[in-house]
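Colleague: One letter stands for each residue in the lines below.
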Amino acid sequence: MRLSDILGHLDLTVWPKMALVLFLAVFAGVTWRVLRTSRADIARAASLPIDDEGAPHV
Amino acid sequence: MSPAITADHPHTAPRPSVRPPAALESFSYDDDIVRKFLLMTLVWGLVATLAGVVIAAQLVIPNLPFDWAFLGMKPFMLLKPLTDTSWLTFGRLRPLHTNAAIFAFAGNAIFAAVYYSTQRLCKSRMWSDTLSRLHFWGWQAIIVAAAVTLPLGYTQGKEYAELEWPIDIMIAVVWLGFFGTNFFMTIKNRRERHMYVALWFYIATIVTVTVLHVFNNLSLPIGLYHFLTTGESMSTEVFMKSYPVYAGVQDAFMQWWYGHNAVAFFLTTPFLGLMYYFMPKAAERPVYSYRLSIIHFWSLVFIYIWAGPHHLHYTALPQWASTLGMLFSVMLWMPSWGGMINGLLTLRGAWHKVSSDPVLKFFVVGITFYGMATFEGPMLSIKSVNSLSHYTDWTIAHVHSGALGWNGFMAFGMMYWLLPRLFQTPLWSRKLASTHFWLGTIGILLYISAIYWAGITQGLMWRAFDQTGRLAYPDFIESVNAIQPHYWVRLIGGLMYVAGIVLAGVNFLMTWRSRPANYDVPVHQAAALAPLAREARYADEVGSSRLTGNIEAGRKLDMFLQGTWHRRWERLPLRFTVWTIIAVGVASLFEIIPTFLIRSNVPTITSVKPYTPLELAGRDIYVAEGCYNCHSQMIRPIFAETKRYGEYSKPGEFVYDHPFQWGSRRIGPDLAREGGKQSDLWHYLHFKDPAQITKGSIMPAYPHLLEDELDFEAVQARVDGMAMLGVPYGDAVKEGHAAASAREQAARIGENIAQQGGPEGVATRQVTALIAYMQRLGTDIKNAPAAAPAADTAKEVGK
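Protein chains in written order, with the numbering used here: chain U, 753 to 810; chain Y, 210 to 1008.
These are computed hints drawn from the structure, not numbers from a lab.
Here a beta-carbon is modelled for each residue, glycine too, at the ideal position from N, C-alpha and C.
Among these hints, one or two may not hold up.
Which stretches of chain U does chain Y cover? Using the computed rule of at least three CB atoms under 8 Å from a CB of chain Y, they are [stated by the list, open to error]:
(1) 768-780
(2) 784-791
(3) 795-801
Where chain U lies over chain Y, by a calculated footprint (3+ residues, C-beta under 8 Å) [what the hints assert, rightly or not]:
(4) 327-335
(5) 446-460
Start from the sequences, fold in the hints, and give me the full structure.
Modeller: In structure tokens form, the structure reads like this:
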């Protein structure tokens, strides 16, 4: 029996279902984490692009 | 959700530090490289859209009255070469148009955005000026190589991955070796601890495009393989030729895993990075919700990678994969709209500026098109909608609302914002920029409304039945004729969009001419990042516990719950990158491994045999001519399709197809069961002049196939390449056998054509090989023995 035969008979259809649950869980985790980050940290990060160079020539 | 910036929460308030301040370092930004990329964005934008106008014209030109004379001249005859010149045919130019739009126009825009914003967000010059230049010149060389090879017919035959193996290697080197190395080393040496969300989008872009590009382009260069095994060198055409290692269903799956994620990670994530950097700049206020931008990022990275199979609904792809692709596509709607809302609401309190600032005009309409396209995408991925829209021009309208509206307008908005800053002089004409905006907007609306109409018309005509239960429009050409007016309107819309770019070119040139003799290069100062001491990671750099009386473990748990771990990631580029790769890689493997390993996904059909050497050579001509740009080879199990084309396509029919040629649209009819429907002479005359055979046909003529000799000696290299990939060719791999077999079959077809009233002596011409391939298409299952395959077919129906 070849390796491909063994792999071919494994029931791998459960993989995508596992992944769906896994990804939803991670997504929920990220959302939960983001909502808990302090306002000050968020505000400082958000301001990074605003003050990064001198006066424009416009 | 947006944090208010108040006196209580000053965003610039320094945290109390436990370390003495580090010494300041001086540095300046490399804006020369941004100027270079920005110029080429404009140049390639013009080339890509002009190529689009040419191929749009090719779909209406064949019906022009060429014999109409005016003052003794026949003006329309000047356009005739666009219908029958080998290197100008639609099948060869359409890949040039798409590759130029994606990789040349959008690519250079991405690089301009990345080089400008990364340096500033990192408070650091790009790590290596040399790598920046190698990246710039290398990328332009790749584009030129594409512009030369695609019209010559050197193609892998997979959409948006047409470029052949030597160019693919160049892309990998330039993208990861030059661009990626330079980018990641700049991030590593940055002087700002927090990596702004735009940088995350760039990281996701670089790593994911690398993975997609490498795995979708795994192929065997047959000329090189032949040279290494026999020492015999072949023609340039054979040297450039490669076969993908995947075949049929698996090749289709890999291709659309790539194709969809090229949209995700080349046309979406980098442009979102661009939006999250340049929109706040233009609006002069922070992004509406930084929290939302983080959720936007992770949800796109997690979800997008799954969505590819929605390009293959009702095809021979296993149903579970198709359904999974649909579900994840629908899920994509929410994060995409979260991003759109985040971009638009960044203008809170600044909407009055939109009417006067061309930059904001482009951004607002660009982001609105992002919202439209990301609503429409999930909708089109729903199977019932897809059954109507797939293969029609609806997809083309969808793509252009994204490409012209989202990518184009974000690129032009960025360009108008950058021009005065890069050339250190006011923009030459804001009025001209506004005119560009209006020309572009009206152009897009004309284009997409006409093509939506065309697409839905096609879909409805293809599936319409009359009262007697017969197809209402049995001749495919009826749907082609019905949408000719729409094609004309599209051409006008496209020309307006091009005219807008020309105006941008004038503005660019005139602004550049007003530049100072020497650019001012400001020197900035910032402290280098101190290494994160283990104890400082929690206290100084990433916040502290709110608990005072607890044990150490309790305080650490509190900091974990505050999300300190993610803030550490955000500051550690390597780990952040690794997690992004894991997110993308896990999703891909969860989908790809079952597709490749579950045997029942591709039930074998015993009567399906490899192509004969001549048919294989003909198939390579089919690929080289880009026939897949107009013809599908995939009959869906839908009644209107089986009625029109014949038995629906089975996965097992494609096991020897390196590459698969299912196609994605039908400008012409499906060819999956074309074999045996027409005589050899019919095909010969049809290739000679399709309009003579089918009145109103817009297919190009292929006189060169009727005249050019087939390279019979190269057939052996083709067969050997396929055999190397596992196609059971038996004796045909023995030296000389393939060529002899091909000559023998070609002679038979030549005789047929002569006997049917055609010309003598065409057996050695390229058209003969192509006819051999056409006559083979979809015929194998008709030869099936009665007993065994019936069970196979029953099994497939359940998949």
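Colleague: A separate judgement is required for each hint: does it hold in the structure or not?
Modeller: We went through each hint and held it up to the structure:
1. Here's how the stretch 768-780 of chain U fares: 8 of its residues keep a CB closer than 8 Å to some CB of chain Y, so the rule of at least three is met and the hint holds.
2. For the stretch 784-791 of chain U, the stated coverage by chain Y is satisfied: 7 residues place a CB nearer than 8 Å to a CB of that chain, which reaches the threshold of 3.
3. By the rule of at least three residues with a Cβ nearer than 8 Å to a Cβ of chain Y, the coverage given for the stretch 795-801 of chain U holds, with 7 such residues.
4. With 3 residues having a beta carbon nearer than 8 Å to a beta carbon of chain U, the stretch 327-335 of chain Y meets the requirement of three or more and the stated coverage holds.
5. For the stretch 446-460 of chain Y, the assignment as covered by chain U is violated, since 0 residues bring a beta-carbon within under 8 Å of that chain's beta-carbons and 3 are needed.
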